[in-house]
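Chemist: Chains as they are written, first to last, in our numbering: chain A, 1 to 251; chain B, 1 to 251.
These are computed hints drawn from the structure, not numbers from a lab. Don't take every hint at face value.
[To be verified] Only pairs whose alpha carbons sit at most 27 Å apart, straight line, appear in this in silico DSSO-like list of lysine-lysine:
{"#": "1", "chain 1": "A", "residue 1": "Lys250", "chain 2": "B", "residue 2": "Lys75"}
{"#": "2", "chain 1": "B", "residue 1": "Lys75", "chain 2": "A", "residue 2": "Lys16"}
{"#": "3", "chain 1": "B", "residue 1": "Lys250", "chain 2": "A", "residue 2": "Lys186"}
{"#": "4", "chain 1": "A", "residue 1": "Lys147", "chain 2": "B", "residue 2": "Lys76"}
{"#": "5", "chain 1": "B", "residue 1": "Lys192", "chain 2": "A", "residue 2": "Lys192"}
Number of protein chains: 2
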Amino acid sequence: MLSKNQIKEIQSLQLKKFRDSGKLFIAEGIKTVCEIIDQRPEALKEIFATRDFIESHSEKIGSLRVTEASETDLKKISLQNTPNHVLSVCHYFDETPPVFDFKSNFSLYLDDVRDPGNLGTIIRLAGWFGLSTIFCSPASCDFYNPKVIQSTMGAFLRVNVVYTGLPELLAQIPGVPVYGAVLNGKSLYAEKPGNGLIIIGNEANGISEANLELVSNPITIPAGGQNNTESLNAAIATSIIVSEFFRQLKL
Amino acid sequence: MLSKNQIKEIQSLQLKKFRDSGKLFIAEGIKTVCEIIDQRPEALKEIFATRDFIESHSEKIGSLRVTEASETDLKKISLQNTPNHVLSVCHYFDETPPVFDFKSNFSLYLDDVRDPGNLGTIIRLAGWFGLSTIFCSPASCDFYNPKVIQSTMGAFLRVNVVYTGLPELLAQIPGVPVYGAVLNGKSLYAEKPGNGLIIIGNEANGISEANLELVSNPITIPAGGQNNTESLNAAIATSIIVSEFFRQLKL
């Protein structure tokens, strides 16, 4: 049974200011919580779970702090539409210094990507293609936003997301080519990619003017239709570019 | 000013059974409604818009049926978080016979893709790469779901989405190769693609067992990381496959 105060505290973590003040975030769902227990148990502050979950996972839970919660309580603290069996409150991860492995890999810089679903999906994509660190502009969506965590499907545990201005980042990696996803660049498929940084712009406005000046290789995904004025979703464009870089550089 | 009844009727279109009974759906936002006016004005039943929108678009609106709505009313009928200036109620499109252009192009078959954001994003992707018709299993998400319409960003006006069983579809296109996105197929990048049908499975369960038997060429997006157990989002996987088919077949 959760107290009103507990419920209120957990619900408050939907907002960045409350996450930041306690350095706490929410991660929920059986698969996700089990992955945290396996991979980053030190991050767990507390687990809230149904009796069923607790009984069927007692070995895995071990000495971790668990509070039994009714399905009604879980509905109150969960962000999911369908009832979850378990929700965890976790400490922010220790800041891991970025790995600059541009000798053997490429990476992403998200320039004000704002939609949590897009950021989470891109982190999941990065996990799939083995990008260990990706970078975000300071005004990009918050990594600890519950919708981001949810849509990474566990990849938030394995991909290091570093918030930094682009000029500061580039100062640390001199000579690395800077690709930018734009509407009037060289065809992605014609470009011979190198191990560089790929800039993905904001959903509505693309790459900011200031950062566009730092792009050495503007690239575009060619459209195939006639009279198509559509754009592509930011996460979709990212996935197409990452896949093509991966194919050319890693296979 | 909208009557309570009007508001209720429009809100009811969020549910498939009410859409189907009146053969009506919602499409909202300035860009989308302007595209409908330009490309499919015959589909418009009624437009609900702020006075501002009506005054600034009077020429475009012409003799179309428009009702002035307050921002409060629009909030009630809109599905968006941020207030919209215009919402339209449209008639279902006339069923367009599928174009089987497998001599010059490839296409997609979505096998129970359920998430409206995924379906909408895939339609948008199809529009970008010039796929004029895509196919969905009967249990896939409804094309006229407002979240689908919204996330196509206008591509619902240009891509024909046909609901059909896979065996029935294949009976009409004998000899066309059937690719399937699976976890243990041939590498997407190693496959030499042909103008065929690409099957994308359900978000949680992949391609159904029955349909899997109809796949002639199972393909997989190779993962790049170590010990990665992640999967890819269905729309992301689709975009990577479509991009690679496009690159090899059309460029």
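Chemist: For each hint, tell me whether it holds in the structure or not.
Modeler: Hint-by-hint comparison with the structure:
| no. | hint | result |
| --- | --- | --- |
| 1 | A:Lys250 - B:Lys75 | 49 Å, violated |
| 2 | B:Lys75 - A:Lys16 | 26 Å, holds |
| 3 | B:Lys250 - A:Lys186 | 17 Å, holds |
| 4 | A:Lys147 - B:Lys76 | 25 Å, holds |
| 5 | B:Lys192 - A:Lys192 | 20 Å, holds |
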